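S.K.: Chain by chain, the residues run as shown.
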Amino acid sequence: MKITIASGKGGTGKTTISTNLSSYLAIGADVVLADLDVEEPNSKLFIEGDLVFEKACDKRVPRWIKEECTLCGKCEEVCRFNAVIKVGDEILIFPELCHSCYACSELCPTGSLPMIPQKIGELKHFKTENLDFVEGRLDIGEEQAVPLISQVIEYVDEKFSQDTIKLFDAPPGTSCPVIEASRGSDFVILVTEPTPFGLNDLKLAVETMRVLCQKFGVVINRHGIGDNSIEEYCNAEGIPIIAKIPNDRRVAELYSKGELIYPKIQEFETALKQIAEFVGGIK
Amino acid sequence: MKEIVIISGKGGTGKTSFAASFAYLEKENAVIADCDVDAANMHLLLDADFRYQEDFYSGEVAVIDEENCVNCGDCKEVCRFDAIHVTDDQHRVDPISCEGCWYCSRVCPVEAIDMKTQKVGDFYLSMTKAGSEMVHAKLGFAAENSGKLVAKVKNEAKKLTLANKKEFLIVDGSPGVGCPVISSLSGADLALLVTEATVSGLHDLKRVYRLVKSFNIKSACIINKYDLNADVTKEIEAFLEEENIILVAKVAYDETFSKALSQAKTIIEYGDSNLKTEIEKSWQHIKNITKELK
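One line per chain: the protein sequences are A and B, in this order. When we follow our numbering, the leftmost residue of the first sequence carries the number 1179, and every step to the right adds one. When we follow our numbering, the leftmost residue of the second sequence carries the number 41, and every step to the right adds one.
Next up, chain A with everything else stripped away, as it sits in the complex (with noise of 0.2 Å):
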C-alpha cells in the first residue's frame, strides 16, 4: 500500500500528518515514511533515528571528448534544452540544463559525449524502534527535483515489501515534483485548510488529481479558523472528507519544537484513527 500526503497549498500540515500517521500506524504494521518534500526536507525534524544507510544520488549528464569530437554539431542540433552549445571549437556543456534525454550522447557519431553522473543531491534511511524512515535532500542550487524524487520512490520501492505500508511526504505546489510523488501511489491524501487560500489551491490540486486518475480524499486541518466553503466544495465535487483536524495553537507549539502531537492532543489523534480506518478500507 502506498499512500500519498500532498497539499497544492504549502504549510498546510502535511508533514504534521505524515509524521504522526506514520509514527502511529508503525505501533502495529510495518510502516516506511519517505520524505519527498527534497528542496525542503522536513520530517527527520520529527523522527528520531539511526542513520543505517546513506547515498549521493545523481542524474547523467553528457561530459566532453574533445580528442574523438569532429565538431560536427549534431549534439548541439539535437539538444531542445539548450545543455550542449558549440562555441568555435568547443562544445560547452550546462548540466542544470540537462534532462538527461541521452539524444546528444547517443546520436553523437563518435561517440564523443559519453553520459557520466553528477551529485544533485543525497538520500538517507533511518531507522526507529519500530519506523523506517527515508529523506530525500536537493543539493542547494540544483533545480531539478524530479529525478531525485523518482530515486527515493524507487528505493523504497525495491527495500520494502508490498506489505510494508508506503508512506510519501509529498512537495507542495502541483506541477512536476507533486506529480512525480503523487502518481505512483495507491492513494492520496490532500490536506487542506479552510480559507481562501487553502480551497483555491486545494482545487488546483484536485484538477491534477483528476487529470493523473488518481484517487484521493481530503484532510481539513486546522478546523474551525477559517469557513466551511471547503467542505461545501468537497460535498459539491464528491470528494471524500477524511478528517477535521481542530484548530489548536497547543498543535502549533508542539510542532514548533519538533514534537509529535497525538501522544499529547486526544483530538489529534482521533484524526489519525479516522485516517487509519480510512486507509485501511482502500481497495
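Since the hints were derived computationally from the structure, they do not count as laboratory data. Predicted model, so just to flag it, every value in this text is computed and none were measured.
Think about it this way: if two alpha-carbon atoms lie no more than 30 Å apart in a straight line, the pair counts; the simulated DSSO-like pairs of lysine-lysine are:
id, chain 1, residue 1, chain 2, residue 2
1, B, Lys299, A, Lys1422
2, B, Lys159, A, Lys1393
3, A, Lys1435, B, Lys246
4, A, Lys1381, B, Lys305
5, B, Lys253, A, Lys1297
6, A, Lys1297, B, Lys188
7, A, Lys1337, A, Lys1451
8, B, Lys274, A, Lys1222
With chain A held as given, fit chain B onto it using these hints.
M.R.: Frame of chain A; chain B shown alone:
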C-alpha cells in the same frame, strides 16, 4: 526601481499575507508579481480583475501518428522518461511523462512522431483594489515548466515597473529551493525571508538562505509566530546576526491572518490591530533598507 522578492523556503509562514499587505500600503506606486505560479493566491487578497489573459506555451510533447506508425519500438527504446507504452498493440505517448526532448521523433524510421507545442498555463495582467498593476499566472494542471512561467511573470512585471516609472516591484516568490525559486530570485535587489519560529521554519530558512547568498542578494527577515517557541526564535536571531541579515520584525502568532484571509482582506484593511501596526512599521523599515541599496 527596487525589486523586493518575498520568499520563505517553507510554505504557510505568512509570505503572501505580508506581500499583499505591503502591496496594499504602497498602492499604485508598486507593481505586484505573483511568482508562486503553482499555487497562486495573491489575486484573492488583492481582488485582481484578470483584465488581460494570454496562453503560455512552453515545451513540447510527442504525438504518434497511428496511421503511419509501424510499431517498431525504436521510440520506446530510446525514451529515458518511460513515456511510451504499448496499449492494444499500438505505441502511445503518455503526455505527462513526456519531457519533449524530441529523441523519439528523431529516431523514428517512418517519421510518424510529431512534436506539438503545449499550452502549460495562463498569463494574466490585472488591476488590483490597491490601484496597482499586477502580473500573475496559473500553471496548467499537471503541467511542467513552472520555472519558465515564473521567469515570464518576473520579466513582464519588471518591464511594466520600468515603463511606468514605479518605485517598487513586489514579488511573491514560491516555496522550496528549486527551479521556480531560482527564477523568482534572479535580479532581485532585496530578498525578504519570511520564516516562523518552528524547527521546520529555521531549517528551511537556512537552506533557502544558502541559495539567496549564492546570488549575492541583500537579505532581510521577518520572524512570524515568534512567541510559539522562544528557543527557536533565539536560534533564528543568532543565525540572522551571523549571516548579517537584517531583522525587520518579530510578529506574534495571530489568528488575524486567517480571519482577514477568510474575508479576502489584507491585514491593513481588516481593521486596527497590533498586527496591522507591525506590518506598517515593517514596510517602512523595508523601504528604508532599499534606499540604502545601490
